[in-house]
Amino acid sequence: MLDYITSYLSSNTTPGQAGNVFWALVYIMVVFGGVSVAVMAMNWLERKALAHFQIRLGPMRVGPHGLLQPIADAIKLLTKEDIVPSEADKFVFWLAPLIILCASFTVYIVVPFGPTHAITDLNIGILFMLGVSSLSVLGVVMAGWASNSHYPLIGALRSSAQMISYEVAMGMAVVSAILMTSLNADGTGTLSMIGIVQAQQAQHTWFIFKFFPLGFIAFGIFAIAMVAETNRAPFDLPEAESELTAGFHTEYSGLRWSLFMLGEYAAMIAVSSIAVTLWLGGWMRPFPNTLTGDTWDLVFSLIPGFLFLGLALIAFIGVARMPKHPYFRIQTIGLAGFGAVLGLIGLVLFAPPVRDRIQDIFWFCAKVAVFMYLYIWYRATFPRYRFDQLMRVGWKVLLPVSIGVLILTAIIGVLV
Amino acid sequence: MGDQITKDPASFISHLELDQPDKTFLDSNELIINMGPQHPATHGVLRVILKLDGEKVLGTECVIGYLHRGVEKIAEHRTYTMFNPYVDRMDYVAAVSNGLGYCEAVEKLLNVQAPPRANYIRVILTELNRLASHQLWLGTHALDIGAMTPLFYTFRDREEILKIFEKYCGARLTTHAFRIGGCLYETYDGFEQDVKKFIDFLPPKIDEYEELLTTNRIWVERTKGVGKISASDCIALGVTGPVLRASGVKWDLRKAQPYAAYSDFDFDIPIGQSGDTYDRYLVRMEEMRQSLRIIRQAVERIPEGPIMAKVPKVMKPPVGEIYHSIEAPKGELGYFIVSDGSTQPYRIRVRPPSFVNLQALDLMVRGQLVADVIAVIGTLDIVLGEVDR
Amino acid sequence: MPEDTKSPTPPSGQPHAAAPAKPAAPATTPWDSPTVARLKSQYGSGVQESVTYLGQNYFVLDASFTAEALRILRDEEQFDYCVDITATHNPTREKQFELIWILYSYSRNERIRVKTNIADGESFPSSISIWPAANWLEREVFDMFGIKFDGHPDMKRILLPEGWKGHPLRKDYGIIQQDQEWVQINLGIESGQ
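Heads up: the protein sequence lines correspond to chains A, B and C, in order. Going by my numbering, 67 is the number at position 67 of the first sequence; the sequence numbering is gapless. Going by my numbering, 154 is the number at position 154 of the second sequence; the sequence numbering is gapless. Going by my numbering, 110 is the number at position 110 of the third sequence; the sequence numbering is gapless.
It should be emphasised that the hints constitute simulated quantities derived from the structure, not laboratory data. It is possible that some hints are incorrect.
What the hints assert, rightly or not - With a straight-line cut-off of 25 Å between C-alpha atoms, the simulated DSS-like cross-links for lysine-lysine are: (1) Lys148/C to Lys316/B; (2) Lys228/B to Lys51/B; (3) Lys205/B to Lys48/A; (4) Lys196/B to Lys163/B; (5) Lys73/B to Lys224/B; (6) Lys224/B to Lys51/B; (7) Lys56/B to Lys228/B; (8) Lys115/C to Lys148/C; (9) Lys324/A to Lys48/A; (10) Lys196/B to Lys224/B; (11) Lys56/B to Lys396/A; (12) Lys224/B to Lys396/A; (13) Lys167/B to Lys197/B; (14) Lys73/B to Lys95/C; (15) Lys95/C to Lys40/C; (16) Lys171/C to Lys73/B; (17) Lys148/C to Lys73/B; (18) Lys73/B to Lys40/C; (19) Lys163/B to Lys205/B; (20) Lys115/C to Lys40/C; (21) Lys76/A to Lys90/A; (22) Lys196/B to Lys167/B; (23) Lys51/B to Lys156/C; (24) Lys165/C to Lys148/C; (25) Lys73/B to Lys156/C; (26) Lys148/C to Lys171/C; (27) Lys156/C to Lys171/C; (28) Lys205/B to Lys224/B; (29) Lys95/C to Lys165/C; (30) Lys197/B to Lys228/B; (31) Lys250/B to Lys228/B; (32) Lys73/B to Lys115/C; (33) Lys167/B to Lys205/B.
What the hints assert, rightly or not - From chain B, some residues computed to sit far from chain C (all C-beta separations above 10 Å): (34) Leu31; (35) Glu76; (36) His77; (37) Met82; (38) Ala171; (39) Gln193; (40) Asp194.
Yeah, the Cβ is synthetic: ideal placement off N, Cα and C, and Gly gets one too.
Build the full structure now, drawing on both the sequences and the hints.
Have a look at this one:
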């Protein structure tokens, strides 16, 4: 039994490859926990960042600087009354958020956090991700239908039409990146997520810079399509409050609504990981080819530690600026504790064994975090597209450009 | 201007056939949707019933009156001075303009002239109020279209104006700033400095709003070509204000029939060309800059002197009637006052610009999509307090 | 021109210590202009008065000619902008309601008022075919005074709820009067609040 557990540790593959169910489950728990924490952090970050864009402060009272706000929100949503419309189709009403949630979370089994840090490495990884994440459209339509009210139904139909339209452009952009993986010695490409990043390593260039500007344009198309895919601003007409149809989740309240939000944030992180894997070199550190050598490796390996120490410093500056009033004592202590935890993590990340193992995961997560921030930035800045303009952009702008990029990539790939 | 109306006036009204039995949308192509009185987009309690064919609007009907408070009836039971605070509550966003129109109308009826210093103070405060009203319009209109951030920027800058009002007359929103015969309060110490500081503070902020929106591709796509109305339709429907000017009619009551010292100042009237939402946006932005120009000229040349004319304590205007209108931020705001010689007016009629402008909604959104209805309601800049009185 | 009964009485001299002499009280003066001349030539005595008071011109027309006169004003005198349509209630007069149109001409920068008197219960032809702006303005006059306009496609209440009884701006409608029946049915408030 112990053998079963320890034998995996010496192998250099993912649990899926090694066929080790125990470790696969461990990894699944870790990834699931990590994504849930990421979703909560994203919730907090969205409210704070959006507020700061709008010259306000955002949540400040629930925990120091609102750090416990997501927990408070979760508790509130859990304890809310569960309202189901009387004419609604009960089974479908119950099933819809589950489908969206399952679709959004299942894709994480192929997300590569490192060369062996994935739950498994399907050889059709990217196809699996795109396919399973498309199942969430089914959940959206089911939610709109089961609500038995015409506003949610119209919102669900609009939302699903939008998601399907942008998946086509997304798919074309993904294919052009896949084509680039086949530009190696034996001319075979790969659909496996880990294989794509390894192809970027082997070709010594991130695909965003390959055949410039083709890789860049493909990345741009994917970046726009993924925002539309997840119904985020500026493509959030189906779920905007000031529009007529408040969206497919109008009739949902409490826990069921929070499942939708969970699914939406998880989908955002998932498509961002696709973008990072396909174009931005996955788990590779920045400048892997221009700044080579052991010293540069060392420098970059110290960055995670310094980042967490920097965050701890910001937390301590926040502690110093807290009002010196007895009412704020608990918050001050809490923030100091939080800062101490961050500092501790930073110090731990300096230790050489941890440093080496954490590199890949850290850089992958950092790049995905940049995308998350971009999502919030778009929401703060852009007005909303009207639905017909949204569809026009998806079909008449993104699709032709992505097909053009694909053809050009193929041609240049053959010639070069 | 002055074109003959060739369109059949009945075409300005759509018939929604609301009395017919309820056809669910699965049975027919047409759907009747209600944008209820409580709605985040409709700037107050306005109910709009839309007849849709899929996404296209075939006709609308506005149901108003949710904020009707009987102001005109109340006026018949209050003296002229007592009625002054009531007028602020109609267009509560631009309360100072309402007060200006009313005080000037009663002054005309009494045949008194406000002294020049009072007129300059009135102009400064009214133009500040025009800026505040346009800033509120910009924030809420952008929010309806989806840009959340300009709302906070415009409200932050509007705070500076409201601070000046508070220092002057004690109230931020419903100011009751003027009295019949002039102004009651002398300008406070530092009024000119505050206003001058504000004049320098605001232009970079207006540039900031323009930077966020004017060349933003999504904004342009949402507003260009949306809610078009031609100049002849505007004139036929009695629409005034920035809506009329954006359709190309260069007419502003401050220039056509100047009141309260406006003839002393040099300013331009911005006009648009196509009468769509984008042009109305540009016209109002330019109006903000022109207002700053007027305030700059006014604050440099405030004359000394009394601020209140000799007005009897008990006001009994001679028997007669008067109509006086001003260019409020929303359009032509008119007061028609009939006096029977007693201390209370016999009849006060308020001609609200938002009421008449809202009639144009039906014509402006026909053939457009549902998302445009909200943009057009925002661009008409209506305040329900004024529509319903 | 017969002066109407509403001409103001000259103000009695009020004692003001060391105050400058009050300006002469405003008086109505007769108003003559090409517009007036045209209307008079068309309608003769139908133009009951044309007066200037405090610099504002208005004329009072006989009710039977007013609809045509309004059309002439728009078509031939370029009064293309209907600023306002309103009414006043004078229960002491024989013809109780006075309808007032305020018109403005962009090309001439001139504003006039057209007034006419109708009796209680009479209706009046709608001006909607002349100025579409009259749509809601006439609905409000109906809502507040009960004057129906013939030919208006949508003659129903606008500010008060449908089913409300009574027309508030009439002088016989009390200041705190409400349609208690409507209030009880729709709002469920029992007492006469």
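Status of the hints after comparison with the structure:
1. About 34 Å separates the Cα atoms of lysine 148/C and lysine 316/B, which puts this hinted pair outside 25 Å; it is violated.
2. For the hint linking lysine 228/B to lysine 51/B, the alpha-carbon distance of about 19 Å falls within 25 Å, and the restraint holds.
3. Taking the CA atoms of lysine 205/B and lysine 48/A, the gap is near 23 Å; set against the 25 Å cutoff, the hint holds.
4. At roughly 14 Å between alpha-carbon atoms, lysine 196/B and lysine 163/B fall within 25 Å of each other, so this suggested pair holds.
5. The straight-line distance between the Cα atoms of lysine 73/B and lysine 224/B is roughly 42 Å, outside the 25 Å bound, and the hint therefore fails.
6. For the suggested pair lysine 224/B and lysine 51/B, the alpha carbons sit about 23 Å apart, so the restraint of at most 25 Å is met.
7. Among the hinted pairs, lysine 56/B with lysine 228/B is consistent with the structure: their alpha-carbon atoms are about 15 Å apart, no more than 25 Å.
8. The hinted pair formed by lysine 115/C and lysine 148/C meets the criterion: a straight-line CA distance of about 16 Å does not exceed 25 Å.
9. Our distance criterion of 25 Å between C-alpha atoms is met by lysine 324/A and lysine 48/A, whose separation comes to about 23 Å.
10. Between the alpha carbons of lysine 196/B and lysine 224/B the distance comes to roughly 35 Å, so the proposed pair goes past 25 Å and is violated.
11. A distance of roughly 21 Å separates the Cα atoms of lysine 56/B and lysine 396/A; the hinted pair therefore holds under the 25 Å criterion.
12. Restraint check for lysine 224/B and lysine 396/A: satisfied, since their Cα atoms lie roughly 20 Å apart, inside the 25 Å limit.
13. With a C-alpha separation of about 15 Å, the suggested pairing of lysine 167/B with lysine 197/B holds against the 25 Å cut-off.
14. A threshold of 25 Å between alpha carbons decides the hint, and for lysine 73/B with lysine 95/C the separation of about 21 Å falls inside it, so the pair holds.
15. Proximity of lysine 95/C to lysine 40/C is assessed by CA-CA distance (about 22 Å); at most 25 Å being required, the pair is judged to hold.
16. Taking the CA atoms of lysine 171/C and lysine 73/B, the gap is about 9 Å. The hint holds against a cut of 25 Å.
17. For a cut-off of 25 Å, the pair hint linking lysine 148/C to lysine 73/B stands: about 20 Å separates their Cα positions.
18. A hinted pair counts as satisfied when its Cα atoms are at most 25 Å apart, and lysine 73/B with lysine 40/C does not qualify at roughly 36 Å.
19. About 17 Å separates the Cα atoms of lysine 163/B and lysine 205/B, which keeps this hinted pair within 25 Å; it holds.
20. In summary, the hint linking lysine 115/C to lysine 40/C is supported, as the alpha carbons are separated by about 15 Å, within the 25 Å threshold.
21. With a C-alpha separation of about 23 Å, the suggested pairing of lysine 76/A with lysine 90/A holds against the 25 Å cut-off.
22. Between the alpha carbons of lysine 196/B and lysine 167/B the distance comes to roughly 15 Å, so the proposed pair stays at or under 25 Å and holds.
23. Simply put, lysine 51/B and lysine 156/C have alpha-carbon atoms about 20 Å apart, close enough for the 25 Å limit, and the pair holds.
24. Proposed proximity of lysine 165/C and lysine 148/C is supported: the alpha carbons are some 15 Å apart, at most 25 Å.
25. At roughly 20 Å between alpha-carbon atoms, lysine 73/B and lysine 156/C fall within 25 Å of each other, so this suggested pair holds.
26. Taking the CA atoms of lysine 148/C and lysine 171/C, the gap is about 18 Å. The hint holds against a cut of 25 Å.
27. Taking the CA atoms of lysine 156/C and lysine 171/C, the gap is near 21 Å; set against the 25 Å cutoff, the hint holds.
28. Restraint check for lysine 205/B and lysine 224/B: satisfied, since their Cα atoms lie roughly 23 Å apart, inside the 25 Å limit.
29. A distance of roughly 23 Å separates the Cα atoms of lysine 95/C and lysine 165/C; the hinted pair therefore holds under the 25 Å criterion.
30. In summary, the hint linking lysine 197/B to lysine 228/B is not supported, as the alpha carbons are separated by about 38 Å, beyond the 25 Å threshold.
31. Between lysine 250/B and lysine 228/B, the direct Cα distance comes to roughly 17 Å. Compliance with the 25 Å bound is thereby established for this hinted pair.
32. Note on lysine 73/B and lysine 115/C: the hinted pairing holds, with a Cα-Cα distance of about 21 Å set against a maximum of 25 Å.
33. Under the criterion of a C-alpha separation no larger than 25 Å, the hint pairing lysine 167/B with lysine 205/B is consistent with the structure, at around 22 Å.
34. The Cβ of leucine 31/B lies farther than 10 Å from every Cβ of chain C, with a closest approach of about 22 Å, so its non-interface assignment holds.
35. The Cβ of glutamate 76/B does not lie farther than 10 Å from every Cβ of chain C; its closest approach is about 8 Å, which violates its non-interface assignment.
36. With a cut of 10 Å on Cβ distances, histidine 77/B falls inside the contact zone with chain C, its closest approach being about 5 Å.
37. At roughly 13 Å, the least C-beta separation between methionine 82/B and chain C is larger than 10 Å, which holds for a residue marked as non-interface.
38. The Cβ of alanine 171/B lies farther than 10 Å from every Cβ of chain C, with a closest approach of about 26 Å, so its non-interface assignment holds.
39. Listed as outside the interface, glutamine 193/B is consistent with that label: its C-beta sits roughly 35 Å from the nearest C-beta of chain C, beyond the 10 Å cut-off.
40. Every CB of chain C is more than 10 Å from the CB of aspartate 194/B (nearest about 35 Å), matching its label as outside the interface.
Checked against the numbered hints given earlier, this structure breaks hints 1, 5, 10, 18, 30, 35, 36; the rest are met.
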